[in-house]
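Given the sequences, and given the hints that come with them, work out the whole structure.
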Amino acid sequence: MPILEGEGVTKHFGGLAAVSNVDFNVDQGEVVGLIGPNGAGKTTLFNLISGALVPNEGAIRFNGQNITGATPHKICKMGVARTFQSVRVFPNMPAFENVLLGSLFGCSTGMSSAAAAREATDLLEFVGLSAVRGTPAKDLTLGNQKRVEVARALATKPELLLLDELMAGLNATEVAEAMELVTRIREEGTTIFMIEHVMKAIMSVCDRIMVLHHGEKIAEGTPEEIAASKTVIEVYLGE
Amino acid sequence: MTKVWVPGLLLIILVLLAALPLRSTEYTVVLVATILMFIILTVSWVIFSGSTGYLSLAPAAFFGVGIYTSAVLGMDLPLPVVVCIGGLASSCLALVVGAVTLRLRGIYFAIFTFGLVELIKNFVLWWEIQRTGTRGRFVVLVDNSTIYYVMLAILVVTLLTAYFIRRSRYGLALQSIGEDEHAAAHAGINVTALKIATFAISAIFMGAAGAIYAMQLTYIDPFISFNLNYSFLPVLMAIFGGMGQLYGPILGAAVFAYLREVLITEFPYHYMLILGIVLLIAILFLPNGLVGLIQRARRRAFGGQHANT
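Chains H and G, in that order, give the protein sequences.
Heads up, the first sequence stops at 238 in numbering that gives the first Met the number 0, and the numbers go up one at a time, no gaps.
Heads up, the second sequence stops at 308 in numbering that gives the first Met the number 0, and the numbers go up one at a time, no gaps.
Since the hints were made in silico from the structure, they are not lab data.
We put the CB at the ideal spot given by N, CA and C, even for glycine.
Part of the chain G face toward chain H, derived, beta carbon under 8 Å:
no.	residue
1	A172
2	Q174
3	D179
4	G187
5	N189
Following this line, the structure appears as structure tokens:
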């Protein structure tokens with residue numbers, strides 16, 4: 000059963016169709032990749048799903064419920080969490096408080112302060128940041144800031160996690176660690192929808208890949224199918 | 000463990016303040032009441048603007064609504080009721096203004112709130128000329144020590160509110176709005192509701208302070224009530240004190256308000272100039288205000304043991 004469904008989702012910016020009539024679905028427990036050249040509309044699509052933007056047309060459903068045009072905090076509370084392409088941690092807050100905020104406010108059930116603090120501590124451990132829990136997020140390396148973001152997103156207890164270029168700007172070791180983290184998140188039962196440019200990563204962790212180009216979905220399939228697809232190769236390498 | 004002395008110290012200060020009118024001149028009582036008022040304005044400004052980073056220049060509007068409430072109702076209702084209504088009226092105004100304007104970011108919000116003060120001032124002026132045919136009003140007279148005690152009571156409530164908001168999860172959420180509002184919303188925080196609610200809470204104290212302050216003035220008009228100084232001074236005092244810690248704005252407001260008073264009486268012709276120079280020096284050399292100065296001194300005294308970045 001699809002946890003996330005989109006039907007004819009369209010978003011215009013002035014005359015430009017950033018996302019144009021895109022249908023998509025993500026099944027429970029899957030890891031789905033979203034790829035495409037720069038400016039293809041990938042981040043816009045994430046913004047539409049997470050409520051940062053409202054689509055001009057089309058409908059988005061999460062667990063069968065219509066979430067089109069709902070506010071970001073509501074969508075978050077329903078169980079959709081996200082990270083950002085350019086990291087958006089709270090720079091002057093310690094790593095711990097960044098994560099704590101997610102567990103205090105993002106959970107639909109609500110949480111006592113003590114439970115939220117325990118949760119945040121566990122999540123820092125999970126992403127491997129226990130040693131720097133007291134360090135202001137702005138003083139962390141990019142790789143660690145991204146982990147803070149992931150931990151903050153996980154703190155809201157999402158069923159679906161949207162990762163927007165988790166591996167961009169990371170070195171080879173960090174990419175390997177990030178891939179391992181994605182796998183562990185999946186093992187915990189969280190469904191993942193991820194935008195990624197690092198092909199090695201997306202090919203190895205995703206069950207299924209969607210390709211956007213000029214706001215339209217041009218291909219969809221398993222990593223092998225996508226790697227062999229003529230249209231996709233043309234889009235990336237030119238004809 | 001190092002903080003156990005803080006509540007004790009606060010209690011001693013409170014007792015000293017409470018005892019002040021018993022053994023002081025009328026002048027001192029009025030002076031300290033004015034300082035308390037500025038602390039209320041500054042701390043309540045910091046409750047909202049300090050953490051969210053939304054620069055509100057509306058304090059004069061909320062303060063002025065309190066003043067006018069007092070002028071209109073002061074003769075007919077008991078004093079505590081008037082003060083409460085002053086606070087609530089300001090809070091209602093803040094709710095409406097917040098709902099309309101808190102979508103505006105940065106400079107636009109500052110300009111709107113600035114314009115709000117002028118708008119209300121001119122509206123009241125128009126109303127008085129067109130409808131009531133008056134200009135200004137007399138305010139019920141209350142003796143200075145009553146004003147002082149009411150001001151002290153409002154201050155205690157303001158400080159407790161500021162303290163508990165800061166310590167609560169909402170304090171953390173307000174800070175996150177100041178750091179990255181977009182990310183805060185995606186972490187599950189209802190940023191709009193939180194901003195409006197906090198804006199309205201901070202206005203309560205400004206309105207209440209205005210209502211009691213009016214009784215010291217005996218006569219008010221729109222120019223006295225909606226004076227933009229009451230918007231700018233709390234901002235300056237907060238910056239002067241430093242906003243990182245709760246005691247910063249308190250210290251900033253107390254020192255600045257006292258300095259202002261002394262300068263007005265000692266150098267009536269040059270006080271603005273001197274105050275301006277003091278502010279410039281503070282901004283140039285004390286980027287984190289008096290708090291920063293204190294922290295630097297403390298670090299030097301303890302030999303840099305806090306240098307663990």
